[in-house]
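Keeping their order, the protein sequence lines are chains A and B. Just so you know, we're using this note's numbering here: the first sequence kicks off at 4 and counts up by one. Just so you know, we're using this note's numbering here: the second sequence kicks off at 4 and counts up by one.
For the record, the hints were derived by calculation from the structure and aren't laboratory data. A portion of the hints provided could be inaccurate.
Since the list gives no way to pick one copy over another, a pair counts as held whenever it fits inside one copy or between any two copies.
[Said to hold, decoys possible] Listed next, the in silico DSBU-like pairs over lysine-lysine satisfying Cα-Cα at most 35 Å (straight line):
hint, residue 1, residue 2
1, Lys426, Lys310
2, Lys216, Lys310
3, Lys216, Lys18
4, Lys359, Lys216
5, Lys216, Lys426
6, Lys359, Lys310
7, Lys216, Lys441
8, Lys359, Lys441
9, Lys441, Lys426
What follows is each chain in one-letter form.
Protein chains: 2
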Amino acid sequence: MKNDGTMVNAYVPGKGNLSEADQALVARRRAALGPAYRLFYETPVHLVRGEGVWLYDADGNAYLDTYNNVASVGHCHPHVVAATARQSAVFASHTRYLHDTVLDYAERLLATFPADLSHVMFTCTGSEANDLAYRIARAHTGGTGIIVTENAYHGVTYAIAGMSPSLGEGVPLGEHVRTIPAPDPARMAGDLGAAFAAAVQAAIDDLLRHGIKPAALIVDTIFSSDGVFEGPAGFLQPAVQAIRAAGGLFIADEVQPGFGRTGDAMWGFQRHGLIPDMVSLGKPMGNGYPVAGLVMRPDVIEAFGSKARYFNTFGGNAVAAATAMAVLDVVQGEGLQENARVVGAYFAEGLRALAKDHDALGPLRAAGLFLGQDIVQGGDPLAPDAARTSRIVNGLRQARVLISATGPRQNVLKIRPPLVFSKANVDHFLTAFEAVLKQG
Amino acid sequence: MKNDGTMVNAYVPGKGNLSEADQALVARRRAALGPAYRLFYETPVHLVRGEGVWLYDADGNAYLDTYNNVASVGHCHPHVVAATARQSAVFASHTRYLHDTVLDYAERLLATFPADLSHVMFTCTGSEANDLAYRIARAHTGGTGIIVTENAYHGVTYAIAGMSPSLGEGVPLGEHVRTIPAPDPARMAGDLGAAFAAAVQAAIDDLLRHGIKPAALIVDTIFSSDGVFEGPAGFLQPAVQAIRAAGGLFIADEVQPGFGRTGDAMWGFQRHGLIPDMVSLGKPMGNGYPVAGLVMRPDVIEAFGSKARYFNTFGGNAVAAATAMAVLDVVQGEGLQENARVVGAYFAEGLRALAKDHDALGPLRAAGLFLGQDIVQGGDPLAPDAARTSRIVNGLRQARVLISATGPRQNVLKIRPPLVFSKANVDHFLTAFEAVLKQG
Numbered sequence: 004m005k006n007d008g009t010m011v012n013a014y015v016p017g018k019g020n021l022s023e024a025d026q027a028l029v030a031r032r033r034a035a036l037g038p039a040y041r042l043f044y045e046t047p048v049h050l051v052r053g054e055g056v057w058l059y060d061a062d063g064n065a066y067l068d069t070y071n072n073v074a075s076v077g078h079c080h081p082h083v084v085a086a087t088a089r090q091s092a093v094f095a096s097h098t099r100y101l102h103d104t105v106l107d108y109a110e111r112l113l114a115t116f117p118a119d120l121s122h123v124m125f126t127c128t129g130s131e132a133n134d135l136a137y138r139i140a141r142a143h144t145g146g147t148g149i150i151v152t153e154n155a156y157h158g159v160t161y162a163i164a165g166m167s168p169s170l171g172e173g174v175p176l177g178e179h180v181r182t183i184p185a186p187d188p189a190r191m192a193g194d195l196g197a198a199f200a201a202a203v204q205a206a207i208d209d210l211l212r213h214g215i216k217p218a219a220l221i222v223d224t225i226f227s228s229d230g231v232f233e234g235p236a237g238f239l240q241p242a243v244q245a246i247r248a249a250g251g252l253f254i255a256d257e258v259q260p261g262f263g264r265t266g267d268a269m270w271g272f273q274r275h276g277l278i279p280d281m282v283s284l285g286k287p288m289g290n291g292y293p294v295a296g297l298v299m300r301p302d303v304i305e306a307f308g309s310k311a312r313y314f315n316t317f318g319g320n321a322v323a324a325a326t327a328m329a330v331l332d333v334v335q336g337e338g339l340q341e342n343a344r345v346v347g348a349y350f351a352e353g354l355r356a357l358a359k360d361h362d363a364l365g366p367l368r369a370a371g372l373f374l375g376q377d378i379v380q381g382g383d384p385l386a387p388d389a390a391r392t393s394r395i396v397n398g399l400r401q402a403r404v405l406i407s408a409t410g411p412r413q414n415v416l417k418i419r420p421p422l423v424f425s426k427a428n429v430d431h432f433l434t435a436f437e438a439v440l441k442q443g
Numbered sequence: 004m005k006n007d008g009t010m011v012n013a014y015v016p017g018k019g020n021l022s023e024a025d026q027a028l029v030a031r032r033r034a035a036l037g038p039a040y041r042l043f044y045e046t047p048v049h050l051v052r053g054e055g056v057w058l059y060d061a062d063g064n065a066y067l068d069t070y071n072n073v074a075s076v077g078h079c080h081p082h083v084v085a086a087t088a089r090q091s092a093v094f095a096s097h098t099r100y101l102h103d104t105v106l107d108y109a110e111r112l113l114a115t116f117p118a119d120l121s122h123v124m125f126t127c128t129g130s131e132a133n134d135l136a137y138r139i140a141r142a143h144t145g146g147t148g149i150i151v152t153e154n155a156y157h158g159v160t161y162a163i164a165g166m167s168p169s170l171g172e173g174v175p176l177g178e179h180v181r182t183i184p185a186p187d188p189a190r191m192a193g194d195l196g197a198a199f200a201a202a203v204q205a206a207i208d209d210l211l212r213h214g215i216k217p218a219a220l221i222v223d224t225i226f227s228s229d230g231v232f233e234g235p236a237g238f239l240q241p242a243v244q245a246i247r248a249a250g251g252l253f254i255a256d257e258v259q260p261g262f263g264r265t266g267d268a269m270w271g272f273q274r275h276g277l278i279p280d281m282v283s284l285g286k287p288m289g290n291g292y293p294v295a296g297l298v299m300r301p302d303v304i305e306a307f308g309s310k311a312r313y314f315n316t317f318g319g320n321a322v323a324a325a326t327a328m329a330v331l332d333v334v335q336g337e338g339l340q341e342n343a344r345v346v347g348a349y350f351a352e353g354l355r356a357l358a359k360d361h362d363a364l365g366p367l368r369a370a371g372l373f374l375g376q377d378i379v380q381g382g383d384p385l386a387p388d389a390a391r392t393s394r395i396v397n398g399l400r401q402a403r404v405l406i407s408a409t410g411p412r413q414n415v416l417k418i419r420p421p422l423v424f425s426k427a428n429v430d431h432f433l434t435a436f437e438a439v440l441k442q443g
């Protein structure tokens with residue numbers, strides 16, 4: 004499938020229905036930030052404030068946030084804001100001096116992982132975490148080959164953009180990168196685990212045929228940009244066996260599913276009953292503060308650690324650690340994983356009920372508060388309707404409910420709200436969604 | 004010169020004179036963070052608090068910070084801390100919604116650059132900024148070849164580590180990367196500008212001979228990890244002409260010299276009377292908050308922008324922008340560039356006076372509050388003394404003055420304090436330095 008690089012749900016300059024003030028902001032953006040930045044929506048939203056699951060525009064209108072996973076414990080959560088402010092005022096320095104905060108956080112974070120995964124390294128972004136994983140995988144395996152799904156997104160550094168096909172054909176993949184079909188139950192024949200593993204094996208064979216030793220299979224364990232594929236539980240195991248048998252590592256990209264979002268566990272890979280060799284973390288880790296990391300088995304980092312040092316000026320600084328600690332406080336203290344499970348199930352139930360009356364609603368995938376709802380033509384699960392999807396996303400935006408779309412066919416509603424989302428918020432969403440569906 | 008990757012001024016586990024409590028912290032670090040992390044000093048410092056130019060250990064002892072450029076406006080500056088806290092409590096979201104803060108900051112930042120450099124893109128780290136510069140340079144030039152100095156450091160992503168020879172031979176350089184000697188007036192014969200340009204031209208010729216089209220010459224405009232080479236003013240011009248004549252770009256890495264540190268200008272490249280094609284920014288930009296960026300001429304980003312989009316989840320978020328704005332407030336409001344010029348000159352004068360009595364003090368390079376003091380044997384400027392350098396750095400640490408060393412011969416004292424450093428702080432440093440020098 005061709006991907007010309009057009010972003011799903013991107014604002015097209017000159018279109019939309021912007022106020023004069025917002026047109027001026029768009030012009031200032033273009034002048035100052037240049038041509039590579041994108042806005043969401045036919046008519047972009049001008050936001051000034053956030054609180055919990057709500058975002059507010061410059062006129063004071065409230066928008067229900069059903070999309071932003073970064074503000075995972077709610078926009079501007081007071082406990083997190085206070086931790087950032089308190090630590091910023093006391094000490095903000097880096098990991099080449101001894102300080103306690105980064106260790107307290109590291110140990111608490113590692114306690115949420117299986118015991119084998121006992122080292123963590125800190126970066127500022129998920130892109131940096133995946134980039135570091137790639138460096139470590141090369142050092143450990145002696146290989147360079149990378150296998151990713153065909154609409155994967157793993158980040159924006161040069162190396163990682165080269166293994167992020169969702170960025171489009173304007174961004175070349177590395178010559179050591181192979182893509183495989185996403186584990187889409189509607190499109191992959193036979194047993195999903197066996198079929199996905201066979202695709203991994205074919206990619207391994209092709210790498211070897213070109214003289215390239217495999218280094219890693221890396222997947223977002225919920226396959227977000229591929230269209231959100233959460234299961235069935237355990238289907239990833241044969242693929243992981245295949246890459247390990249070829250001497251490569253399995254890297255779980257938990258930047259999107261991690262920190263309790265999938266409801267059944269803290270980390271997306273846990274649903275599959277396996278232990279990755281490395282796990283990358285990001286977006287919700289600091290609820291907006293730039294902090295990310297990479298968790299690994301000790302033997303995986305030995306080769307890298309024996310010949311290279313790693314220093315990230317801001318990675319693991321005291322404020323990042325204090326902020327991330329406060330996020331864990333809230334995730335655990337407010338029971339947000341359980342909330343994701345319960346409210347996510349309620350959300351899925353509501354969408355399935357709505358689907359009975361609306362044949363535009365095709366297959367639904369859901370794991371906690373990460374849902375992918377296909378929009379299709381005439382009830383045919385294999386007839387994607389990108390145009391309708393766009394109308395829905397923009398219709399909801401007009402109704403002040405924020406959401407976006409994803410997938411290689413641009414027809415998957417990506418529902419990924421802050422984890423403090425309530426059943427009442429779900430009802431609010433469903434009411435608005437039904438009204439938009441009735442508009443056609 | 005071989006570089007086995009041993010970090011200058013790194014703690015060697017098992018050595019030093021640590022308290023039991025600090026030994027326990029070191030053990031926790033090794034267990035949680037793994038083998039790739041490094042601490043400073045024979046006996047690492049355990050820090051808990053910072054204020055202005057002072058850092059405090061767990062026992063309440065004060066250390067004069069003569070090294071950390073990140074906390075450029077002073078550790079925990081209240082104006083910056085307040086801006087972070089205020090914006091964190093209100094809105095922290097990203098650049099796919101319209102919001103004012105990032106534009107207000109972008110415009111104010113761009114106003115400090117020559118008019119030709121009119122776009123800025125935001126990242127979280129200097130590594131990400133240089134990595135983005137590399138992607139843009141490839142798209143603009145159609146080339147891939149990169150030229151750096153032989154002990155350069157530009158960052159830690161896969162692509163940028165591959166053009167950072169100071170990381171040591173355990174970290175392979177890219178096959179499209181060529182290194183050239185640093186512009187060391189003591190070691191480069193003849194006119195420095197002509198000699199440096201000749202080295203660039205030789206690297207261009209070698210790239211072309213291997214079928215590699217040059218993409219860029221990238222230099223830290225103060226050549227920090229090469230040993231701090233600040234001048235003479237203008238010597239970079241012929242090298243820049245050479246890379247441009249070969250179809251490549253000139254990228255100024257201002258992560259270390261930028262934001263007023265060199266005293267004579269806001270940006271290090273300005274001393275050389277030239278306008279780079281791209282300028283990367285980082286460390287002091289948010290005084291510890293993870294924010295960085297890349298400034299460029301609009302035509303340079305056209306090719307990249309026509310086929311790729313750029314999104315950095317935390318890059319240019321509202322808190323990053325508000326924090327960076329507060330840093331600019333202080334740099335400009337407290338006259339820190341002028342302070343760097345005046346206090347830096349006083350510092351250099353003090354070091355030169357001390358050199359009259361201590362033949363260990365070899366050549367000194369100084370630009371504002373960025374100073375490189377060679378430590379040599381018997382007054383011979385070409386006889387580096389790495390062992391003495393290490394004794395000085397660790398002697399000063401025992402005297403509670405923080406500093407480090409750099410350079411391919413590990414004999415350059417790297418003096419790079421917060422820009423709020425005063426003449427009294429210089430006197431404090433010089434008194435401690437003289438006492439340590441007398442110890443031999």
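Going through the hints against the structure:
no.	hint	result
1	Lys426 x Lys310	neither (52 Å within a copy, 41 Å between copies)
2	Lys216 x Lys310	both (21 Å within a copy, 30 Å between copies)
3	Lys216 x Lys18	neither (48 Å within a copy, 40 Å between copies)
4	Lys359 x Lys216	neither (49 Å within a copy, 59 Å between copies)
5	Lys216 x Lys426	neither (49 Å within a copy, 58 Å between copies)
6	Lys359 x Lys310	neither (60 Å within a copy, 41 Å between copies)
7	Lys216 x Lys441	neither (53 Å within a copy, 57 Å between copies)
8	Lys359 x Lys441	within (13 Å within a copy, 87 Å between copies)
9	Lys441 x Lys426	within (22 Å within a copy, 73 Å between copies)
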